[in-house]
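Sequential numbering of the sequence shown, starting at 425, is according to the working numbering.
It should be emphasised that the hints constitute simulated quantities derived from the structure, not laboratory data. Each hint should be verified, as a subset may be incorrect.
Stated by the list, open to error - Once the Cα atoms are required to be at most 20 angstroms apart in a straight line, the calculated SDA-like pairs of lysine to any residue come out as:
1. Lys478 to Asn498
2. Lys453 to Ser536
3. Lys434 to Gly509
4. Lys534 to Tyr446
5. Lys478 to Lys534
6. Lys519 to Phe538
7. Lys483 to Asp427
8. Lys434 to Asn501
9. Lys519 to Leu475
10. Lys434 to Thr461
11. Lys534 to Val479
12. Lys494 to Lys519
13. Lys494 to Ala476
14. Lys434 to Leu454
15. Lys434 to Asn472
16. Lys534 to Ala428
17. Lys534 to Thr461
18. Lys434 to Arg444
19. Lys534 to Glu431
20. Lys434 to Gly510
21. Lys434 to Lys494
22. Lys453 to Asp427
23. Lys453 to Gly510
24. Lys483 to Thr523
25. Lys519 to Asn472
26. Lys453 to Thr492
27. Lys478 to Trp533
Unchecked claim - Pairwise CB distance ranges, derived in the manner of DEER restraints:
28. Pro516 to Ser480: 26 to 32 angstroms
29. Lys483 to Arg542: 26 to 32 angstroms
30. Lys434 to Thr489: 30 to 36 angstroms
31. Asp427 to Asp530: 45 to 51 angstroms
32. Pro477 to Gly531: 18 to 24 angstroms
33. Thr489 to Pro516: 36 to 42 angstroms
34. Ser457 to Pro484: 27 to 33 angstroms
35. Pro516 to Thr435: 20 to 26 angstroms
36. Ala460 to Pro484: 35 to 41 angstroms
37. Ser480 to Asp530: 20 to 26 angstroms
38. His464 to Pro485: 40 to 46 angstroms
39. Ser508 to Ser480: 39 to 45 angstroms
40. Leu511 to His464: 17 to 23 angstroms
Where a beta carbon is used, it is the ideal one built from N, C-alpha and C, also for glycine.
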Amino acid sequence: MWDAWVEAGKTSNPDAPTLRAYTSGDALKLIVSALATNQHNQQVSLGNVVLAPKVSEVKPPEAPTEATVKDCVNTENWLNYQASGGLVDNVPGGKRLMTATVSAADGTWKVSAFQLGRVGTC
Numbered sequence: 425m426w427d428a429w430v431e432a433g434k435t436s437n438p439d440a441p442t443l444r445a446y447t448s449g450d451a452l453k454l455i456v457s458a459l460a461t462n463q464h465n466q467q468v469s470l471g472n473v474v475l476a477p478k479v480s481e482v483k484p485p486e487a488p489t490e491a492t493v494k495d496c497v498n499t500e501n502w503l504n505y506q507a508s509g510g511l512v513d514n515v516p517g518g519k520r521l522m523t524a525t526v527s528a529a530d531g532t533w534k535v536s537a538f539q540l541g542r543v544g545t546c
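Full structure from sequences and hints, please.
The structure is reproduced here in structure tokens:
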């Protein structure tokens, strides 16, 4: 999910096909909305995130169809810029707690929902 979001963010493309390969449901809606807002405001997201995801729960345990994944996402080097150049603001990125639900459907696992905390939540 993150690689697709970071790549789509370089041009603020809410129609990037890779987003739909890794996300669905509320997760897809949230990312598409963020990208569309940036596109409307002529902003892009540049840089990269640092990830170390860990599965914290699977349901049902005997034949999982859903997993909860937690991470401390580091966005220090993934910032919003005006498409014409220059940072949007002086607000730095940082470490944010993320909890994601990953769901299996038709043999494919996709992030179906996530909550991303504010900077400093982990």
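- [ ] If any of the earlier hints don't hold here, list their numbers in rising order.
- [x] 7, 17, 21, 23, 31
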